[in-house]
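Trainee: The sequence shown begins at 0 in numbering that gives the first Met the number 0 and counts up by one.
These aren't lab readings, by the way, just hints derived from the structure by calculation.
It is possible that some hints are incorrect.
Below, simulated DSSO-like cross-link-like pairs (lysine-lysine); rule was C-alpha separation at most 30 angstroms, straight line [what the hints assert, rightly or not]:
id	residue 1	residue 2
1	Lys150	Lys235
2	Lys227	Lys194
3	Lys235	Lys300
4	Lys230	Lys259
5	Lys230	Lys390
6	Lys376	Lys268
7	Lys349	Lys300
8	Lys376	Lys365
9	Lys375	Lys300
10	Lys280	Lys259
11	Lys187	Lys230
12	Lys259	Lys390
13	Lys230	Lys150
Label-pair restraints from in silico Cβ distances [claimed, not checked]:
id	residue 1	residue 2	range
14	Thr260	Gln75	49 to 59 angstroms
15	Lys390	Ser175	36 to 46 angstroms
16	Asp139	Arg317	55 to 65 angstroms
17	Thr260	Ser362	35 to 45 angstroms
18	Asn309	Ser96	46 to 56 angstroms
19	Gln483	Pro520	29 to 39 angstroms
20	Glu126	Ser175	23 to 33 angstroms
21	Lys390	Thr221	25 to 35 angstroms
From the three backbone atoms N, C-alpha and C, an ideal C-beta is built for every residue, glycine too.
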Amino acid sequence: MHVTQPRRFTEPADMADHGADEPSSGTGSPDGEGRVSADRSLLHQRLAVRELIDTEVSYLRMLQLCASDIRSRLQQLPQGDLDVLFSNIDDVIKVNSRFLHDLQETASREEEQVQLIGNIFLEFQEELEQVYKVYCASYDQALLLVDAYRKEPELQREIQGIVEAVVPQAGSSGLSFLLVIPLQRITKYPLLLQKILENTLPDASAYPVLQRATSALQDVNTNINEYKRRKEVASKYTKVEQLTLRERLARINTHSLSKKTTRLSQLLKQEAGLVPRTEDKEFDDLEERFHWVSLCVNEMKNNVAAYLANLEAFLRFRLQEYDLDICGGPVVQYCHLVRDLQLQAFPEFKQRLEGLVWQPLCSLAKALAGPQNLIKKRLDKLLDFERVEEKLLEVGSVSYEEEAARHTYQALNSLLVTELPQFNQLAVQWLGQILCTFVALQRDLAQQVLQRAEGTLAQLPHHHIPEPAFRKLVEDALGQSSHQLHSFQKNFEKVQPPPTMQPLLPGAERQVQALLSRYGPGKLYQVTSNISGAGTLDLTLPRGQIVALLQNKDTKGKSGRWLVDTGGHRGYVPAGKLELYRVVPREEELTGQVGPHQDSRHLTQEPTPAPVPSVPTVTQEPPPCEARALISGHTSALARGGTRERSLPSLPHQQQRANPSLSNSMVVAVYPFVARSSHEVSLQAGQPVTVLEAQDKKGNPEWSLVEVNGQRGYVPSSFLARAPGPAPWGWSLPS
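Based on the provided sequences and hints, a complete structural model is requested.
Mentor: Here it is in structure tokens:
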């Protein structure tokens, strides 16, 4: 340690000569010798006081150089390294600055200076201990960093150059010379006080004060050393290692097994009541409070995590991007407001929530791991301590290892009792601040939403309505809409979607007629996909084949395989690949003009519109635009033609229709359809249409070319139905 040497005061020449000229005045006289000794002691006392103040000035200046010039120039080092190297040097400077100021103030009161100095040390005893024990506890980690820098020559040269430029007397020691100065200073105070005390007369009024000050500073150094030792023990057990099972097994040896067996034996004896358990009410209260704090932190962390997950799911659903075909008006203002909130307000709120709430909460939860591990280790060391205490009472002596275990428990327990209250208090304050921040963020979000909604609200027709009336208006509107939706749902459930019919195989009409005449229309089914028979009685049928159902289960009573007749062969097929084949009545039968020699049915060989009897009668007004949007969204999935491009054929207006059966009767739209390209045309339910072609250009019968209100385009064939006669049964046309 670099300590400024005290100034050497020499007696003036005239005083020396005067003393030499009058040796008889003091020689042999007890009073004279006592006076000379007192003067000499007073002189040495003043020199010791001067050394204390001068070295304190030099020491404080050195600390300020470290904190300002050197730390500010070491920008190539990470901030974490700088925090470890210089620790709480700023707090040390604050305390020592006030300490030096009070010491210098005593110079004006020379007669009471020594007593005042003793009182100053007693006043600053606790503050000096608090700041220096923190600095000394982190000193070992700082030395490890310095050793690491020495292994990098280029970095070491840069650091050494900065230190020598600011503090030339540091020499080759560099950072080590500066870092050790506070340790040397705190250990120097008892020596300086002892020197002043030695040159103070025992009967002086300042003597007992200096004695207490010297003893207090010695206690400060003892407490700092004990605290440093506790921190070393705590750092050993604070680390939470993530070990695999193999690594844990590798650490098992005879010593560890013996130690764990002894602890288990001690614990069993305590549970059985054979030996008393050590009671520590103070620690038990601290541990219980710590567990409550830990539980609150974990619960809040889980709640915030769930909140963030729900917020993320909410932001993914963007209602304003869906076209629901809702009429304009308030919907437009609502879409603008929601788009503004979801693109700006909510993402900004989420970002602030993660930075100001989630990350501090995770840091707080991570900080709980160290104390939790220490509390767990304390229980193990308590069992060792109790066993050693029993042996000490029985034998009177213990081994070196047992004494070390005893001291380890005492160090852990003392550290936890001392610092756990502070940790609990800081954790509660931290948690409270996080909660306040969360509430503030919620308040800011609500204010932003209200501010952004004010402009939109002013454009709505009900902005002037009082809040009670507005609530009543909303409840009535929701109730009416709910009733309409329920009514629509009941009507919609009665409407069976048109079946997906497969085209008949070429030349199969005669075979189907034979099955129809033999089994009737209710027994006919069509194969929806190719069937490959695997068993002896299984049939192999192509897609589109018409069969007649004989029995809806096999010989074992299972309903998954049906017995069918193809008109020539009988066998089993999977029930899931059969669909009821609908037979459409002829128009003559519908109008009652069928002759006795004519067949009353014709076969559907392609996906034709649904028969008129399946269409419900609509007597109320057409559904509102909201319901039309729902119908459009549902029925669009029924059209399997996709959104591929179709070019409209150029047909003369007088061209003969391709489907005479559709041309001879009125054709209406059963379901609404929204055009998705320029080659399609929109329909409304119940709207009359003119069928130009019952297929598209590629021969696909699932699409029909129609003309509606002078516009031509394609629509799904399954959306159309014939309505012959002036009063068709089924859906009634709107008046």
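Trainee: Hint by hint, note whether the structure agrees.
Mentor: Now for the hints, and whether the structure bears them out:
The suggested pairing of lysine 150 with lysine 235 holds, with an alpha-carbon distance near 25 angstroms, which does not exceed 30 angstroms. The hinted pair formed by lysine 227 and lysine 194 meets the criterion: a straight-line CA distance of about 27 angstroms does not exceed 30 angstroms. Among the hinted pairs, lysine 235 with lysine 300 is consistent with the structure: their alpha-carbon atoms are about 28 angstroms apart, no more than 30 angstroms. Of the pairs offered as hints, the one joining lysine 230 and lysine 259 holds, with about 24 angstroms between alpha carbons and a cut-off of 30 angstroms not exceeded.
In summary, the hint linking lysine 230 to lysine 390 is supported, as the alpha carbons are separated by about 28 angstroms, within the 30 angstroms threshold. In summary, the hint linking lysine 376 to lysine 268 is supported, as the alpha carbons are separated by about 20 angstroms, within the 30 angstroms threshold. Between lysine 349 and lysine 300, the direct Cα distance comes to roughly 15 angstroms. Compliance with the 30 angstroms bound is thereby established for this hinted pair. Restraint check: the Cα-Cα separation between lysine 376 and lysine 365 comes to about 18 angstroms, which is no more than 30 angstroms; the hinted pair holds.
A threshold of 30 angstroms between alpha carbons decides the hint, and for lysine 375 with lysine 300 the separation of about 23 angstroms falls inside it, so the pair holds. Restraint check for lysine 280 and lysine 259: satisfied, since their Cα atoms lie roughly 26 angstroms apart, inside the 30 angstroms limit. The hinted pair formed by lysine 187 and lysine 230 meets the criterion: a straight-line CA distance of about 23 angstroms does not exceed 30 angstroms. With a CA separation close to 18 angstroms, the supplied pair lysine 259 and lysine 390 stays within the 30 angstroms bound.
Our distance criterion of 30 angstroms between C-alpha atoms is met by lysine 230 and lysine 150, whose separation comes to about 27 angstroms. Between threonine 260 and glutamine 75 the beta carbons are some 53 angstroms apart, a value that agrees with the proposed interval 49 to 59 angstroms. Taken as a hint, the range 36 to 46 angstroms holds for the pair lysine 390 and serine 175, whose Cβ atoms sit roughly 44 angstroms apart. In this structure the hint that aspartate 139 and arginine 317 lie 55 to 65 angstroms apart at CB holds, the actual value being about 56 angstroms.
In this structure the hint that threonine 260 and serine 362 lie 35 to 45 angstroms apart at CB holds, the actual value being about 39 angstroms. For asparagine 309 and serine 96, the hinted distance range of 46 to 56 angstroms is satisfied, since their beta carbons lie about 53 angstroms from each other. The supplied range of 29 to 39 angstroms is met by glutamine 483 and proline 520, whose beta-carbon atoms lie about 37 angstroms from each other. In this structure the hint that glutamate 126 and serine 175 lie 23 to 33 angstroms apart at CB holds, the actual value being about 27 angstroms.
Take lysine 390 and threonine 221: their Cβ atoms lie about 28 angstroms apart, and the range 25 to 35 angstroms holds.
Of the hints listed earlier, there is not a single one the structure fails to meet.
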